[in-house]
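Engineer: What follows is each chain in one-letter form.
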Amino acid sequence: MTTRTISEARPASASFGMLLAALLGLGIVVLAGHVQADALHAAAHDVRHANGFPCH
Amino acid sequence: MLGRILTSGLIAGAAAGLCAAVLHLMFIQPVLLHAELYESGELVHFGAASGTAARPGFGLDPVRDGLSVIFSMLTYAGFALILVALMALAEGRGAVILARNGLLWGVAGFVAVLLAPAFSLPPEVPGVAAAEILPRQAWWFATVFAAGAAMWLLAFGRGWRAWGAVAVLLLAPHAIGAPEPDGFAGPVPTELGALFAARVLGVGLVAWVLLGLLSGFLWSSGDETAS
Chain A
1 MTTRTISEAR PASASFGMLL AALLGLGIVV LAGHVQADAL HAAAHDVRHA NGFPCH
Chain B
1 MLGRILTSGL IAGAAAGLCA AVLHLMFIQP VLLHAELYES GELVHFGAAS GTAARPGFGL
61 DPVRDGLSVI FSMLTYAGFA LILVALMALA EGRGAVILAR NGLLWGVAGF VAVLLAPAFS
121 LPPEVPGVAA AEILPRQAWW FATVFAAGAA MWLLAFGRGW RAWGAVAVLL LAPHAIGAPE
181 PDGFAGPVPT ELGALFAARV LGVGLVAWVL LGLLSGFLWS SGDETAS
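Which chain is which? The protein sequence lines are A and B, in order.
Just so you know, we're using the numbering used here here: the first sequence kicks off at 1 and counts up by one.
Just so you know, we're using the numbering used here here: the second sequence kicks off at 1 and counts up by one.
Rather than coming from a laboratory, the hints here were simulated on the basis of the structure.
No incorrect hints appear here.
Some chain B residues near chain A, calculated using beta-carbon distances under 7 Å:
(1) L2
(2) H24
(3) I28
(4) F71
(5) S72
(6) L74
(7) P123
(8) V200
Covered by chain B, per the in silico footprint, the following chain A stretches (three or more residues, Cβ under 8 Å):
(9) 19-29
(10) 32-43
(11) 49-56
To be clear about the criterion: a stretch of chain B counts as covered by chain A if any three or more of its residues have a C-beta under 8 Å from a C-beta of chain A, and this derived list gives those stretches:
(12) 5-14
(13) 88-97
Computed from a prediction, not measured in an experiment: that's the story for all the values here.
Beta carbons are placed, not taken as given, at the ideal position from N, Cα and C, and that holds for glycine.
With the hints as extra help, turn the sequences into a complete structure.
Structural biologist: Set out below in structure tokens:
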């Protein structure tokens, strides 16, 4: 019974972990690649161009 | 689950991003710096007496190139977290994740994130004419999500409905069309623009294949230690 409880509880937390990781990844890509704040844009400029992100 | 994705993703992303940065500094940065001389007007190729194609020697710029290394690693870490989260999702649905098929995950990521948007919005060398930034970013994200979904369906979908959806998802963004500038007024020679786009796609393919390989390897080896 204990194992069943664990195996049933696992998918929910696993899905949450996947979602959180993917959202974190998306946040990093948006921040590094797309936010137009001047300081960020200047620092990441060359990498944005080199990854085909729309820049300027 | 979250910890395992973070570990695999951040290590794979940092390594692939570092590799991308080295290739960037070797092959992309010289083209970019050369184009910036035309963007700033320091070099002119139309109407100028001499249209020399000789590339000026560019040295390393510690601050600028250091930032490129950091942001390249950061960007690929972001890609990696999404890639590994999707690997975990696929594994939960019965797929086998290994280093070798991680290569295919990397190719799929390259198609979704670089090749698909580049088909209508080619990688821009500094100085090219382009439409407003916001519509271009919106189109870029929509295209990447559509192509990513298409790659997932290509790998895991079954039947003609899935294949049909793949075709629609891949074609629609280009049938609709990317935002384009009103006029072509870029001061940069087309030779540099073409070389830049080709280099970006080539370096991107190497980095993405490495990212997929490392993600698959780290994810599958993490599985052995966990169980």
